[in-house]
Amino acid sequence: VNWDGAADKECPRNWPLARRSLIVLSTSLLAFIVGFGSSVFAPASSVLTSEFNVSLPVSRLSVSLWILGIAISGPLSDVYSHRIALAISMLGLCLFQLPAALGTNIQTILVSRAISGIFASGVPYLIPRMYADICSPLPRSIALAVSTTAFHLGTTIAPIAAAYLLASPTSDNSPPWRWLSWLTLLLAAPFSTLTLLFTIPETSTPLLLQHKARRLRLETGNWALHAQSEEAPFIQPRLLIQTYLTKPIRMPTTEPLLAFFTLHLGIVHGILYFALYTIPFAFQSRGWDAPSAHLPLLSVALGGTVAGSAATIPFSRVYSLWRRGFGAEATPESRILPTMVLGSAILPMGLFWFGWTTQTHWLIQVVGVFFIGAGCVLVNTAGTVYILEAYGVHADSALAGHLAVRNLMAGTFPLWVGAICERLGVGWGSSMVAFGCLVLGLVPIVVLRWGERIREGGRY
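Under the working numbering, think of the first position of the sequence shown as 351, with each following residue one higher.
FYI, nobody ran anything at the bench for these hints, they're computed from the structure. Any given hint could be a false lead.
Stated by the list, open to error - With a straight-line cut-off of 20 angstroms between C-alpha atoms, the simulated DMTMM-like cross-links for lysine to aspartate or glutamate are: (1) LYS359 x GLU552; (2) LYS562 x ASP354; (3) LYS562 x GLU581; (4) LYS359 x GLU569; (5) LYS562 x GLU552.
Said to hold, decoys possible - Restraint-style ranges between C-beta atoms, simulated for each label pair: (6) TRP712 x ALA769: 23 to 31 angstroms; (7) THR454 x GLU569: 27 to 35 angstroms; (8) ASN523 x ARG565: 23 to 31 angstroms; (9) GLU360 x GLY808: 29 to 37 angstroms; (10) TRP706 x ASP358: 55 to 63 angstroms.
Owing to the predicted nature of the structure, the values given are computational and were not obtained by experimental measurement. In this text, a Cβ means the ideal position worked out from N, Cα and C, and glycines have one as well.
With these hints in hand, go ahead and build the complete structure from the sequences.
As structure tokens, then:
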């Protein structure tokens, strides 16, 4: 049993546009929550340091361990049902806010944050898979731009809310940092429940084909009808390990194209967390109080939102021009990578701008961080879409391996960013990262020119 073309209303790609758009918005809300939870403890580092008498790098593990948790468990998040996997992810995320909020020692808080990240990993890994089920390549690019922007918004807005919470007295005289986990829980529990119950259906193609085959067997009495996935209903342990563990790990190390993209996007993803610490540090150096010093992160959020909205235009414009001019499908390189090249130019510009305007009017520096947000979203969106489309049937494993390594890299950024700012200053610290971006920005340019040839010579 398979889908019956464009007339098959059971096929997710043939669902009404309104229904598929609602799925994109609902999953983007979950991405916002995961991004929010990942960074909400960023302003609390100094508070945790003084309360539990630990070093600053140890307290910053509250952010790093969440990101590293996403890296470790993500490839296993798509074994069966997309909807069930999302439900387990959000349930675990919610439950482990409780020990993080009630913990009386730093070990409890850090372990709870790490486990929360492990559960949260299902969201960033499953969203591209779900969009592949419900969208053709062009709409999928637009949908991924929406979810990437939502994650970016959550990541940048959370420290602002957290900074003001930490500066506010609590009615029960409890430490304000405990409300960071309560706030995450209050955000995650109702919205994840509502979306998973009412707006996010099952989208897994193998599972939906099983349902269709079961319906046809009952209607026709032909008990030989079956979906391909029913021929092997139980995944063999060896195949499970190969598909969900060894292949995602092997691909970034054996595919040069994927390796360079993963390195590039890993650093860009880390720069987002670099900004969460460096920007407040820079504005506190101007004499701003802690909550006010986090407000420039709104410019990062705005830059990401504008870039995420604008990213959909090149995707659709290049695609339509290519079809009109050549009468054929545009290649992934020609349709996607111009957006990534643009982001790779904007991001280091924003870092240099931010780093060397600390002595100018504050508004000039705020404009600089706008371009940091815009560059991060453009590069991450275009890079993710390119990996999905360039690797075809191997895209799931390629993306799983890419996201694992990318989050491992990004998870280290909060641990050393403070030392960089203190030793080198904001100007040279930002410049060091910007120079790295300039070098890696050559990757999409090279792939734009020779990517198709490189893919043809690849193992996958």
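May I ask which of the numbered hints given earlier this structure violates, with the numbers listed in increasing order? 7, 8
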